[in-house]
Amino acid sequence: MPRGLFPSAPVLVSRAWWFLCEYPVQVGVLGLMGSAPFAALLLFYVREAEEGHYFTGSVSEAMRPVALGLAGVYFARFPFRLALARWMAQTVSGAPASSVRALGWAVLHLPTSLFYGAVSTLGWFLGSVLIVPFSLSIQANLAFHRFAVTRETAWTAFRESSRIPAGGVGSQLLAVSGVLTLCGFLILWMAPAAALGLAEWTVKADVVGLQQVFGLRSPPWIAISFLFPLIGVDLLWTVAFGLLHVEWQNLTQGADLLGDLRKLEKEERTAGGIVASYNK
Amino acid sequence: MRLHFDDEDEDERILVCLRPPYRGFAVIPVHKCTCTSDQGYEQFYLMGLAQLYCKDHPDRAGIGLCVACGATVCDECSTRVDGVIHCKPCLLRTVRQAPASRWRSWSAMGPAILFVPLAYAVLFLCLYGLAFLIAVIPKMQDFVESNFLTP
Chain A
909 MPRGLFPSAP VLVSRAWWFL CEYPVQVGVL GLMGSAPFAA LLLFYVREAE EGHYFTGSVS
969 EAMRPVALGL AGVYFARFPF RLALARWMAQ TVSGAPASSV RALGWAVLHL PTSLFYGAVS
1029 TLGWFLGSVL IVPFSLSIQA NLAFHRFAVT RETAWTAFRE SSRIPAGGVG SQLLAVSGVL
1089 TLCGFLILWM APAAALGLAE WTVKADVVGL QQVFGLRSPP WIAISFLFPL IGVDLLWTVA
1149 FGLLHVEWQN LTQGADLLGD LRKLEKEERT AGGIVASYNK
Chain B
3 MRLHFDDEDE DERILVCLRP PYRGFAVIPV HKCTCTSDQG YEQFYLMGLA QLYCKDHPDR
63 AGIGLCVACG ATVCDECSTR VDGVIHCKPC LLRTVRQAPA SRWRSWSAMG PAILFVPLAY
123 AVLFLCLYGL AFLIAVIPKM QDFVESNFLT P
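Quick mapping for you: the protein sequence lines, in order, are chains A and B.
The numbers in our numbering rise by one with no breaks, and the one at position 111 of the first sequence is 1019.
The numbers in our numbering rise by one with no breaks, and the one at position 108 of the second sequence is 110.
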């Protein structure tokens, strides 16, 4: 598996960060328009659930439609993600890129984005139990970019994305993203409480009111501390996959390098006329 | 993985050069590739090909690999599109099968109908479970404090 041909996951994440810094408006808007509304509604949902304090009878029934609606809102992010992939593809290739036109294009291809998004989501949930289905998420994330770049049909782009040897880099990206989210969560969760504690200890400031909001045991702040890094890392993850796909394209000009290598290996075994001396 | 040169028979080695001017799996002898001097060693991914012959003309040496099927093609059998080598059947197939961009998503309709409700259901269950957990945890805390922690 030619994983060494690709940049490592930390390099990709760092490139994604610089890409974000270079195009903050377009990447930020297209990236966050999808996930930020869901995150905001999720916070309200958590607050409602927390204020309920018990989960029987009418409270349970009241939460059910809210949960159904929230699950629906979650899927609104995927057209934006496809639009971001389209916009990235145009920008990287040097073609004139417009985020509005990319969004229009993504709306036109709504079934594709929903399909990839659903597979990605199932991959996340199943992968958190069985690990293996994470590959589905990696494949679906690459498929967004492949579909945006090529003229392939949605199903072909998805199928062909499994042939890109990015599983190793994708797994690395997953680990790096997890660590980044955890670090972001810990910093965001603990920093205000530490600052308030310091203010109380040093200048005897009255921080009781603020501690109820920003304290370590404040559920809203815990939820915010978790969601903000998650949204940011999700954005970096998307951009990093776009850059990974660009690497693959530059390397092979769209050809199936891995398939060709395997074919040559096979021919070496059967015909003996071709010497494939690599990966040593 | 890093592809590398075989130290023997330097002139006989054939590269699969991925950079201009031989963009896209052009099989060329080492000494003919003009991008070695400035692009350097890392730009090449040697497959160690001793010799390749055209898939349709076994007596002719191949000049490249088709970007789509990977088959070796001779000069006559190859067509360069934007500098990238295609064999004739693949080129024809590409031209014939290139779908209208507006309708490319139709192939996703079936899988979307299958997977979206499934993902929706899983997501709903997770959100509902989250609400349940958030509501139950304080109640459990109260229960533990009142039954086990109070003297």
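Calculated directly from the structure, the hints in this document are not laboratory data.
Take these hints with a grain of salt, some might be off.
[Stated by the list, open to error] Result set (SDA-like, lysine to any residue): computed pairs, CA atoms no more than 25 Å apart in a straight line: (1) K1112(A) to C1091(A); (2) K90(B) to E1060(A); (3) K57(B) to L93(B); (4) K57(B) to L94(B); (5) K90(B) to R1009(A); (6) K90(B) to A947(A); (7) K90(B) to E78(B); (8) K90(B) to L120(B); (9) K90(B) to P60(B); (10) K57(B) to R95(B); (11) K57(B) to R1125(A); (12) K90(B) to Y122(B); (13) K90(B) to L116(B); (14) K57(B) to P91(B); (15) K90(B) to R1125(A); (16) K90(B) to S1126(A); (17) K90(B) to T1058(A); (18) K90(B) to K1112(A); (19) K90(B) to R1059(A); (20) K1112(A) to R1125(A); (21) K90(B) to A70(B); (22) K57(B) to K1112(A).
[Stated by the list, open to error] Computed Cβ-Cβ distance ranges for the label pairs, DEER-style: (23) A984(A) to L135(B): 46 to 56 Å; (24) G112(B) to R1009(A): 26 to 36 Å; (25) S148(B) to V1116(A): 43 to 53 Å; (26) F134(B) to V1121(A): 22 to 32 Å; (27) G1002(A) to G131(B): 24 to 34 Å; (28) R1009(A) to L127(B): 14 to 24 Å.
Note that beta-carbon positions come from the ideal geometry of N, C-alpha and C, so glycine has one too.
Quick rundown of the hints versus the structure:
Distance restraint check for K1112(A) and C1091(A): the Cα-Cα separation of roughly 30 Å exceeds the 25 Å cut-off, and the hinted pair is therefore not satisfied. Annotation: proposed proximity of K90(B) to E1060(A) holds, straight-line Cα distance about 19 Å (limit 25 Å). For the proposed pair K57(B) and L93(B), the alpha carbon gap of about 15 Å is at most 25 Å, so the pair holds. The straight-line distance between the Cα atoms of K57(B) and L94(B) is roughly 17 Å, inside the 25 Å bound, and the hint therefore holds.
Distance restraint check for K90(B) and R1009(A): the Cα-Cα separation of roughly 35 Å exceeds the 25 Å cut-off, and the hinted pair is therefore not satisfied. Proximity of K90(B) to A947(A) is assessed by CA-CA distance (about 51 Å); at most 25 Å being required, the pair is judged violated. Between K90(B) and E78(B) the alpha-carbon distance is near 10 Å, which keeps this suggested pair within the 25 Å criterion. Pair hint K90(B) plus L120(B) does not hold up; C-alpha atoms about 42 Å apart against a cutoff of 25 Å.
Between the alpha carbons of K90(B) and P60(B) the distance comes to roughly 16 Å, so the proposed pair stays at or under 25 Å and holds. Restraint check for K57(B) and R95(B): satisfied, since their Cα atoms lie roughly 17 Å apart, inside the 25 Å limit. Between K57(B) and R1125(A), the direct Cα distance comes to roughly 70 Å. Violation of the 25 Å bound is thereby established for this hinted pair. Pair hint K90(B) plus Y122(B) does not hold up; C-alpha atoms about 45 Å apart against a cutoff of 25 Å.
A threshold of 25 Å between alpha carbons decides the hint, and for K90(B) with L116(B) the separation of about 37 Å lies outside it, so the pair is violated. Restraint check for K57(B) and P91(B): the C-alpha separation of about 12 Å stays at or below 25 Å, so the hint holds. Distance restraint check for K90(B) and R1125(A): the Cα-Cα separation of roughly 68 Å exceeds the 25 Å cut-off, and the hinted pair is therefore not satisfied. The hinted pair formed by K90(B) and S1126(A) fails the criterion: a straight-line CA distance of about 67 Å is larger than 25 Å.
For the hint pairing K90(B) with T1058(A), the CA-to-CA distance comes to about 20 Å; that is within 25 Å, so the pair holds. Between the alpha carbons of K90(B) and K1112(A) the distance comes to roughly 81 Å, so the proposed pair goes past 25 Å and is violated. Pair hint K90(B) plus R1059(A) holds up; C-alpha atoms about 19 Å apart against a cutoff of 25 Å. A C-alpha spacing of about 21 Å is found between K1112(A) and R1125(A), which places the hinted pair at or below 25 Å, so the restraint holds.
About 11 Å separates the Cα atoms of K90(B) and A70(B), which keeps this hinted pair within 25 Å; it holds. Proposed proximity of K57(B) and K1112(A) is contradicted: the alpha carbons are some 84 Å apart, above 25 Å. Taking the beta carbon of each, A984(A) and L135(B) are about 25 Å apart, not inside 46 to 56 Å as hinted. Roughly 28 Å separates the CB atoms of G112(B) and R1009(A), a value that falls within the hinted 26 to 36 Å.
Between S148(B) and V1116(A), the C-beta spacing of about 26 Å breaks the proposed range 43 to 53 Å. A hinted range of 22 to 32 Å for the beta carbons of F134(B) and V1121(A) is consistent with their spacing of about 25 Å. In this structure the supplied range 24 to 34 Å is violated for G1002(A) paired with G131(B), their Cβ-Cβ distance being about 47 Å. The supplied range of 14 to 24 Å is broken by R1009(A) and L127(B), whose beta-carbon atoms lie about 37 Å from each other.
Of the numbered hints given earlier, the model fails hints 1, 5, 6, 8, 11, 12, 13, 15, 16, 18, 22, 23, 25, 27, 28; all others are met.
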